[in-house]
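Straight run, no breaks: the sequence shown in the numbering used here ends on number 350.
What the hints contain is simulated information worked out from the structure, not anything from laboratory work. There may be inaccurate statements among the hints.
[To be verified] Straight-line Cα separation of at most 25 Å, SDA-like style, residue types lysine to any residue; simulated pairs:
id: 1; residue 1: Lys-131; residue 2: Pro-213
id: 2; residue 1: Lys-124; residue 2: His-231
id: 3; residue 1: Lys-131; residue 2: Ile-82
id: 4; residue 1: Lys-65; residue 2: Leu-78
id: 5; residue 1: Lys-227; residue 2: Pro-245
id: 6; residue 1: Lys-218; residue 2: Ala-196
id: 7; residue 1: Lys-65; residue 2: Asp-129
id: 8; residue 1: Lys-200; residue 2: Phe-88
id: 9; residue 1: Lys-140; residue 2: Ile-341
id: 10; residue 1: Lys-218; residue 2: Asp-262
id: 11; residue 1: Lys-299; residue 2: Glu-265
id: 12; residue 1: Lys-124; residue 2: Ala-196
id: 13; residue 1: Lys-140; residue 2: Lys-200
id: 14; residue 1: Lys-146; residue 2: Thr-47
id: 15; residue 1: Lys-146; residue 2: Asn-179
id: 16; residue 1: Lys-131; residue 2: Pro-235
id: 17; residue 1: Lys-159; residue 2: Pro-306
id: 18; residue 1: Lys-195; residue 2: Asp-168
id: 19; residue 1: Lys-159; residue 2: Ile-105
id: 20; residue 1: Lys-227; residue 2: Gly-182
id: 21; residue 1: Lys-64; residue 2: Lys-140
id: 22; residue 1: Lys-227; residue 2: Pro-213
id: 23; residue 1: Lys-277; residue 2: Gly-70
id: 24; residue 1: Lys-146; residue 2: Pro-213
id: 25; residue 1: Lys-298; residue 2: Pro-320
id: 26; residue 1: Lys-227; residue 2: Asn-179
id: 27; residue 1: Lys-124; residue 2: Ala-268
id: 28; residue 1: Lys-159; residue 2: Lys-124
id: 29; residue 1: Lys-263; residue 2: Asp-310
id: 30; residue 1: Lys-64; residue 2: Pro-320
id: 31; residue 1: Lys-277; residue 2: Asn-204
id: 32; residue 1: Lys-277; residue 2: Lys-195
id: 33; residue 1: Lys-263; residue 2: Glu-287
id: 34; residue 1: Lys-64; residue 2: Ile-52
id: 35; residue 1: Lys-298; residue 2: Pro-213
id: 36; residue 1: Lys-277; residue 2: Ser-171
id: 37; residue 1: Lys-227; residue 2: Glu-248
id: 38; residue 1: Lys-124; residue 2: Ile-83
id: 39; residue 1: Lys-53; residue 2: Arg-42
Owing to the predicted nature of the structure, the values given are computational and were not obtained by experimental measurement.
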Amino acid sequence: MHDDSQAQKIDITQDTNTAIQADTQSEHNNSETSSISRQDERFFSDTIDSLIKEAETMRLNAMKKHRSRGFISMSFGLIAIIIGACGFGWFLFMEGLIVKGVGSISLGIIFAAYLHFWAAQSLKSYQSDYKAVFLPRIAKALGGFKYFHNRGVSSALLKKTGITPQYDRYSAEDCFMGNYNGVKVMFSEARLYVKAAPQKPIYNGLYILLEVPGEPIKGHTIITADKGLYHKSRPSRWKSLQDAPLPEVSNPSWDRFQAVSDKPEETAKFITEDLLKELSEAADIFERSALTAVFFRKKYIFISIPYEGDLFEASTIHTPITTRRTAMQCKQEIEKIMEIIDIFDIYRKN
């Protein structure tokens, strides 16, 4: 169980915890990140279409293999059970040996079960091949990212954001890492669970972590479009923070955020109309999600985007590949991340 005491009260001390720093550095190790860049829309679309055709071929081959194994499993499994049943009848009624009879039919059932397991392995093989072969190539097409199956924002750093609900288990997978203009970028699928409902996540979505060079971030600032989170947290774990002013916006759809900070006098320097625009559009990519962004620990920007879909899971073996929509969503989201980095870069250099 994760100790989630930070979910009740934000630690706004300015020294960066050594354990957290070490954990995050291991995830953002320079050897594991590569330089990323913006991708031309048409080129990216053509690349994804080509990759999906290859993935479809892989799926169809896996489906044929599964059907062949299924036929073999059913045929020989049925024969094994019939032989076992005949052996049971012979030993029981002709020899009077019940132990050998039970053993005979048991062997038939065990052999049939093994064949069923063998046939089912083709399904697992397809899913693992999809993530091992297809997703790294999507990561590269997204602008030069590297893909890691079981990685994500460290739980130690996650607790310091001040926005996660109380949870017992944190699961992260399908992680993409890169470097843009000196800013280390990581995003992955994330789920939070409690013991009372171990199979149903209380949070499902996308976690994005940006690590900015130097230490330009002053204080702990939270910008959220989640009104429920704001009203629940404001009198409790955010009580040490103050409401921060937000700029007027020219588009009403960008006027969806509330902000709190322990240094509200600093927020006007980076919470600009342009930043609210990019955050709004980033949320809209995933069905107008209640996005929350946290600027904290001197150099981190954390963005939480709740989303119920499975972004990077393989379709079932009998369903055509549907990853194109996900890939286009991720490309749009990455472009918004880059815009946010560019906007924050102006603040950092001033």
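Notebook entry, point to check: In ascending order, which of the hints set out earlier in this document are inconsistent with the structure?
Noted result: Hints 1, 2, 3, 6, 8, 12, 13, 16, 19, 20, 21, 22, 23, 25, 26, 27, 28, 29, 32, 33, 36, 38 not satisfied by this model.
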